[in-house]
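Enquirer: Next come the chains, spelled out residue by residue.
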Amino acid sequence: MKLHHVLESQQFTVPLLMELFDRTRVMEKIVARGGTRDWENKVMTTLFYKPSTRTRMSFESAMYRLGGKVLATEQAQEFSSEVEGEQLEDTIRIVADYCDLIVLRHHEAGGARRAAAVSGVPVFNAGDGAGGQHPTQALLDLYTIYNECKKLDGLSVALIGALDQGRTARSLAYLLGKFDRTKLYFIAPPEMQVKQDILEHLEQHNVVYELASSTDKIIENVDVVYQTRIDRARLHGSEIDLTSYNIDKTVLRRLRSNAIIMHPLPRSVEIASDVDGDPRAAYFRQTRNGLFVRMALLTMVFEKE
Amino acid sequence: MKLHHVLESQQFTVPLLMELFDRTRVMEKIVARGGTRDWENKVMTTLFYKPSTRTRMSFESAMYRLGGKVLATEQAQEFSSEVEGEQLEDTIRIVADYCDLIVLRHHEAGGARRAAAVSGVPVFNAGDGAGGQHPTQALLDLYTIYNECKKLDGLSVALIGALDQGRTARSLAYLLGKFDRTKLYFIAPPEMQVKQDILEHLEQHNVVYELASSTDKIIENVDVVYQTRIDRARLHGSEIDLTSYNIDKTVLRRLRSNAIIMHPLPRSVEIASDVDGDPRAAYFRQTRNGLFVRMALLTMVFEKE
Amino acid sequence: MKLHHVLESQQFTVPLLMELFDRTRVMEKIVARGGTRDWENKVMTTLFYKPSTRTRMSFESAMYRLGGKVLATEQAQEFSSEVEGEQLEDTIRIVADYCDLIVLRHHEAGGARRAAAVSGVPVFNAGDGAGGQHPTQALLDLYTIYNECKKLDGLSVALIGALDQGRTARSLAYLLGKFDRTKLYFIAPPEMQVKQDILEHLEQHNVVYELASSTDKIIENVDVVYQTRIDRARLHGSEIDLTSYNIDKTVLRRLRSNAIIMHPLPRSVEIASDVDGDPRAAYFRQTRNGLFVRMALLTMVFEKE
Chain B
0 MKLHHVLESQ QFTVPLLMEL FDRTRVMEKI VARGGTRDWE NKVMTTLFYK PSTRTRMSFE
60 SAMYRLGGKV LATEQAQEFS SEVEGEQLED TIRIVADYCD LIVLRHHEAG GARRAAAVSG
120 VPVFNAGDGA GGQHPTQALL DLYTIYNECK KLDGLSVALI GALDQGRTAR SLAYLLGKFD
180 RTKLYFIAPP EMQVKQDILE HLEQHNVVYE LASSTDKIIE NVDVVYQTRI DRARLHGSEI
240 DLTSYNIDKT VLRRLRSNAI IMHPLPRSVE IASDVDGDPR AAYFRQTRNG LFVRMALLTM
300 VFEKE
Chain S
0 MKLHHVLESQ QFTVPLLMEL FDRTRVMEKI VARGGTRDWE NKVMTTLFYK PSTRTRMSFE
60 SAMYRLGGKV LATEQAQEFS SEVEGEQLED TIRIVADYCD LIVLRHHEAG GARRAAAVSG
120 VPVFNAGDGA GGQHPTQALL DLYTIYNECK KLDGLSVALI GALDQGRTAR SLAYLLGKFD
180 RTKLYFIAPP EMQVKQDILE HLEQHNVVYE LASSTDKIIE NVDVVYQTRI DRARLHGSEI
240 DLTSYNIDKT VLRRLRSNAI IMHPLPRSVE IASDVDGDPR AAYFRQTRNG LFVRMALLTM
300 VFEKE
Chain C
0 MKLHHVLESQ QFTVPLLMEL FDRTRVMEKI VARGGTRDWE NKVMTTLFYK PSTRTRMSFE
60 SAMYRLGGKV LATEQAQEFS SEVEGEQLED TIRIVADYCD LIVLRHHEAG GARRAAAVSG
120 VPVFNAGDGA GGQHPTQALL DLYTIYNECK KLDGLSVALI GALDQGRTAR SLAYLLGKFD
180 RTKLYFIAPP EMQVKQDILE HLEQHNVVYE LASSTDKIIE NVDVVYQTRI DRARLHGSEI
240 DLTSYNIDKT VLRRLRSNAI IMHPLPRSVE IASDVDGDPR AAYFRQTRNG LFVRMALLTM
300 VFEKE
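First to last, the sequence lines map onto chains B, S and C.
When the first sequence is numbered by numbering that gives the first Met the number 0, its final residue is 304 and no position is left out of the sequence of numbers.
When the second sequence is numbered by numbering that gives the first Met the number 0, its final residue is 304 and no position is left out of the sequence of numbers.
When the third sequence is numbered by numbering that gives the first Met the number 0, its final residue is 304 and no position is left out of the sequence of numbers.
Simulated from the structure, these hints should not be mistaken for lab results.
Please note that the accuracy of each hint is not assured.
[Said to hold, decoys possible] Rough simulated footprint, nothing fancy, chain C against chain B, three-plus residues with beta-carbon under 8 Å:
| no. | stretch |
| --- | --- |
| 1 | 59 to 65 |
| 2 | 149 to 163 |
| 3 | 255 to 267 |
| 4 | 276 to 287 |
Please read these numbers as outputs of a predicted model, since none were measured by experiment.
All C-beta atoms, glycine included, are put in the ideal place defined by N, C-alpha and C.
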């Protein structure tokens, strides 16, 4: 299927997701046998306007396992500071001549779309602003659920954390809404509950959801717990007690035996480290899946050229 | 022809320039078919004492398209801050052992020459200080003129901007002076006009030039308009109106149909974005040529070893 | 012999050192003929919590000469600042999935050991804190002595500088103590003399040593002078005159004709630049050996996998 720019998770139809996940499984095998040299003449640029070393390294590792080469900067912000009125568009036009694909991390929502409009090569959005998208994270999250639960229909998923700001949880909710009989639980302190726009979207697509301020009577019934981090800076002067949202050994005992715990990482205190050894703790498998999903996306784009 | 260090544009004789440009054309074809692996055992270091991400990426992309590998730092300044009295010479001696070629960006004029004096491998000057040289920029500028105008003799070229500080415009003037019947127009506010040293050089080489403070009666008669940026910080408290130096649709109408507009980029307001679509706007082709020229230089050096 | 993590110089037995040095010699030949592609499917990460560009580049060059690929960051500190309570352990678990080996520079003593405890891939310690270890530096120092003096038994070695803080001198002393009839001279201002722990270690292993505050009657009798840098900031308000510890032409005249002068570099004023041309000045050969020793370590680890 056709794939060029990767700008937002909504652009992925269910058939395209299934093709991506089939390829992702192949990539897992390719990495296990030491990678390939098939794409050794390809050059990928990681053009980051702010550092995000984990994301950058995941993309770069994906490119290396495919045999390719990497141009990198985490200081692209320098471009803007250097010249008053410097346009992202000019930078993209120039950088596109140096490579076969641009992975862009920009600080403004819509940055990836503006880049794609002028780029001579495919653009992958690796995060564009707090209100923006980070589609490859959502794709690796969905792949992880698929790989762990062996299905994407009929799943109950609890999303926990500062859901008003959580880009990853929002994007995942959009993607899960594409599948049949999904049930979503948004669990957050009331002042950090998920925003109206996403609820409207879910209603339009007949996705069943529930809002809650506690994990009680929910967490024991879900297939997936998607935990996220709450920025402590938001709690200053607040009465909110976050410890009830943490996942620890006590919560583990309430979880189904075949449920999984996910987290986009990095984590702070919201998942206790003694949870790591439990087989249901899927968050390190999840980050590893990021490598395979990104490899799969890269091959889909390179093959179409 | 022999090529080892690339330190300043003046070192290039006309025959060497012609060899370089012949090779540059070959590189264009090599990139079009996906690059080569001929130089896969070569390692190039980009040793930058201050960030210049576009220049760095252009060199690194050139090396990748040749199949080679890249060691990179934009924080070489750290070397100097780490140790009182740390010598550039010691750093070069060490780094030369790690690679086959050093691309150096230094903050002091003469830095590249000092490096070349002790380096065990070829040194390419990627800019050394405000008063220094940036020869590969001048070479790609000249190649662009050659490629667009199909000749280098008998050309009329208008250089516009803060010419007292503009390293690129100065270097290009030197190179153009090597060709027959060149006519140069230096167009700048009087307080930013080109300095005496370059005018003396041109007189010694019998190059015809003219100084002007306006594009009137000039811009309609030239083959090449070389626009550069004027740092707004220089205008504080000044009466200078720079808008008359800008290139926009109005100026386009005055230009010859076969003239070209160049700019070393990045630009600010001095070329309006609605000029970009005009076929005479050559500045994005110009940056792309940087890739091919740098590839050609690298092969010339690697082949001689 | 078995090699997985490289955490501290003490882990190297004499037979392991000898295997390493045999391989190092082979690497020298491999580099002379342009490197190898044997390890082109391997990815090494340089995960640096603080910049150390020379060390990083030495490792990366070693990897490139073996044909491999490199993921790099000198801004890993960002990981810790991003999330309150972020654990080195989590970062290592994630990064280990992206690569085949992690070269870690951490700011806390013991960081490399903590990383190794959770890493899915080998960890090389490239320096962990002021009181920590930097084993590859100690190994390249020892290899240099072996290569220059053609033996490791019965050597007299003078270590000069701020020995209380000098990690490199301390580590080298440990390694030299493994060989027969080593005689060590610790030459430093009394307030900067080597610490008790290392002297106790040497006594336990029956290594003969002597403390001195001057090079008099010592420097003319040693095989190796290991000079180190004294941080000038430590001298504020102090009466210490360091010039007597410097090595210059006068000192050269007192040295044995077959002695060698070493320095971990970078240097400040403690070795005069007119010493560089003397054949006994081994410090640039020493840094070059770092490349070969690191290549040898990498192959030892990759072959065991």
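Enquirer: List, from low to high, the hint numbers that the structure doesn't satisfy.
Expert: 2
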